[in-house]
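Heads up: the sequence lines are chains A and B, in that order.
Using my numbering, read the first sequence as starting at 287 and increasing by one per residue.
Using my numbering, read the second sequence as starting at 32 and increasing by one per residue.
Worth flagging that the hints you see were computed from the coordinates, not collected in a lab.
Hints are not guaranteed to be accurate.
What the hints assert, rightly or not - Covered stretches of chain B (in silico footprint by chain A; criterion: 3 or more residues with CB under 8 angstroms from a CB of chain A, positions within the stretch not fixed): (1) 57-70; (2) 95-104; (3) 121-130; (4) 143-152.
Keep in mind that this is a model prediction, so the values were computed, not measured.
Here a beta-carbon is modelled for each residue, glycine too, at the ideal position from N, C-alpha and C.
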Amino acid sequence: MIVETGHYALVLALAIALLQSIIPFWGARINHASLMLVGVSTALSQFLFLSVSFAALSYAYLTSDFSVLNVADNSNSAMPLIYKLSGVWGNHEGSMLLWSLILSLFGALIAVFGRALPAPLRADSIAVQGLIGAAFLLFIIMTSNPFARLLPAPAEGQDLNPILQDPGLAIHPPLLYLGYVGFSIVFSFAAAALIGGRIDAAWARFVRPFALVAWCFLTLGIAMGSYWAYYTLGWGGFWFWDPVENASLMPWLAGSAFVHSVAVMEKNGSLKVWTIFLAILAFSFSLLGTFLVRSGVLSSVHAFANDPQRGVAILMILSFFILSALALFAWRAPLLKQGGIFAPISREGALVLNNLLLTTSCATVLIGTLYPLVVEELTGDKITVGAPFFNMTCGVLMLGLFLLTPFGFSLSWKRGDLYGVSQRLFAAIAIGLLGFIIVLALDHEASVMATLAVAIGLLIIFGTFTEIWIRLQRGGRHWAQIRQRAFGLPLSFWGGALAHLGAGVGLLGLASSGFGVEVVTTLQRGQPVKVAGYELVLDAILPRNGPNFNETVAQMSLFKQGQKIAVLEPSKRQFSARQMSTSQAGIETIQFGQFYVSISAPETPDSVPAQLYWKPFVTFIWLGACLMAFGGAVSLADRQLRLRSADQTGRAAPATAKA
Amino acid sequence: MTKKILSLSFAVALLLATQALTWAVQPNEILSDPALEARARALSAELRCLVCQNESIDESHADLARDLRLLIRERIVQGQSNAEIRDFLVSRYGDFILLNPPFKPTTWLLWLSPVMILLLGGWAIMQATGRRPIPPAPLTADEERQLKALQSTPPSSRHSGDV
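Pulled out of the complex, with its shape left as it was, chain A reads as follows (with noise of 0.2 angstroms):
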């Protein structure tokens, strides 16, 4: 009955979503105030039916009712309630229903969020949203029905594929699709923005929180979908350039840019016709990233849930929304009037050059992607395009704007002064050179790019505390007039020097990929390895049962000079009920390095082929990422404050660039 109650207001939202999309964008045409309104509760209401679906398919998972055909499908009566629960989306239908929650969360935030916003723009950014949303939503009901019933019902499910089942499943799809969907939201703003013809430095204002919220769980999705990867897949590797993750960089890459573009149309009302473009780029990124993983039209280690048909009704959904889009836009942004002048050498013209890199990385991830589809579509050759090909495109591409970024960071707004901006980073420039040079006389054989990317790393780690100095001390050197001006300079400004220094470490952690121990031999119960001035001796293999698997662990202890400091189990597990394998890696994070070990299936019951790596610094990349998202964060709260002291004082939005 539950199940029902759940495909039915999942029917409903779909009705909902429909209403949405039509009754307040009319309302906007014909200036009528309260069909405008109905944006607001269907909005709401749309976001309430799809909870009670979700929770109803929640419901049937955790009690396990296998007569629902997803659940028997893809869970267990023996699996972990943490696995029973996420395994609610580690399908396809059940992940696509989170998909369509999350972008009717959106939604709601609109309603509730916008009221400070013109009627007409709200009413027709709701009316997009409802659109995406119908549009997803007739897609499950027609195609991936969660609900389907299967009779008679199997005793006992199928079992969630082992590889999901971790608790990384738990935590990376909601985050990723936070992200992906959240820039739904600018992307409905900015087709308002163009079918009103009106945009201004008011709707940066509303659009950069929500962009920032996309952009920070996107940040923590991927760097979680990262670690996931690196210890679970087995060879320590923590980004493959696998389309399924490029999928994910690209709205990434975008969203990026349009957080710095954003942030000049805000201060200055320049570059709207480009913002608004990016804005569109990013959302249209994030559905391309769904249909390329949810068709599994390339193939890809992550791709879980593969089906051709689907594939083609979401590739009708992409193309209608990316390609009317881009028409909308096309037809007017031209009307838009371009807003205030800079010199080329200020804080735009850097965060345009920013842009320009961003975009051209995101390019190159989407050709490089693309391009084996294409030409074996053309020529019928096969050609690969692999890591290396994007670590050696991308690589630069991305050195080089980090290069640039302390120096963007420090230029001031308008007009700057590059000379006087080089003169305050010299210390900066200083230490990045000194790496250069020490890394390259302690590693004769380290990479170019990795000894560049340590220099570029603490250029922008020293860089930015450079800039927060100069800014602290501006009104006076004494502790309490420090004190004063930390707490005075805007949470905007903290929050960009907060993910320039995640930027900075995570450079500094991808860098460290470069010098690494790796270790491939076969380890014998009692007999010492050296790896890196750490000892690792094997001291048993034992068999263990987990909830549904059953596992063969090497137990390891792993001495430092002489002391015994962590013990290490790496194992291979078997799940009975699909007959497959997974591999746990044994890790062992000292300081911010780890010690990483690797299993193969035991060759005798004393001996274990095994890969040992230590990995200085590696959790540089991740704390990297998670300081990134903090800064988004935390120049978030600075948005909402101003937004909300603008309302007190009933001080207007700046001057308005009608079309």
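With chain A held as given, fit chain B onto it using these hints.
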């Protein structure tokens, strides 16, 4: 019926995916000379495991990847250069095996696109910013008065525009 086929293909996809789960180079494959072994590792990181999904033969544990790893090591020991080995593999399996696509007519667009986009974007920006800004209209009498009023207020009471 289609459902069955679909779930079957799903199962096959899963099976393929799980092949990716264990690590690759086995201790018994390793060459005794560390310099040659390092060459073999670097080379195998550039070659695609043909039956896997987006993995190099260095990472894959598929049987084919193992065969190729052994083949590379054999040829390295025989004294062949990296280029010779690569050419041999391309003649056998086509460009598909190279993770780093070769620079040839069908891939010109791929390799040149980042540079072209960068140049095109840079040119577009130059065009957009190189245009002479329209000189601002002279102030009206009313605005002159406002400006005077602003200039006469002490700076401390003004909002500091520091971001």
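How the hints compare with the structure:
1. 57-70: holds (count 4)
2. 95-104: violated (count 0)
3. 121-130: holds (count 6)
4. 143-152: holds (count 5)
Hint violations for this structure: number 2 only, all remaining hints satisfied.
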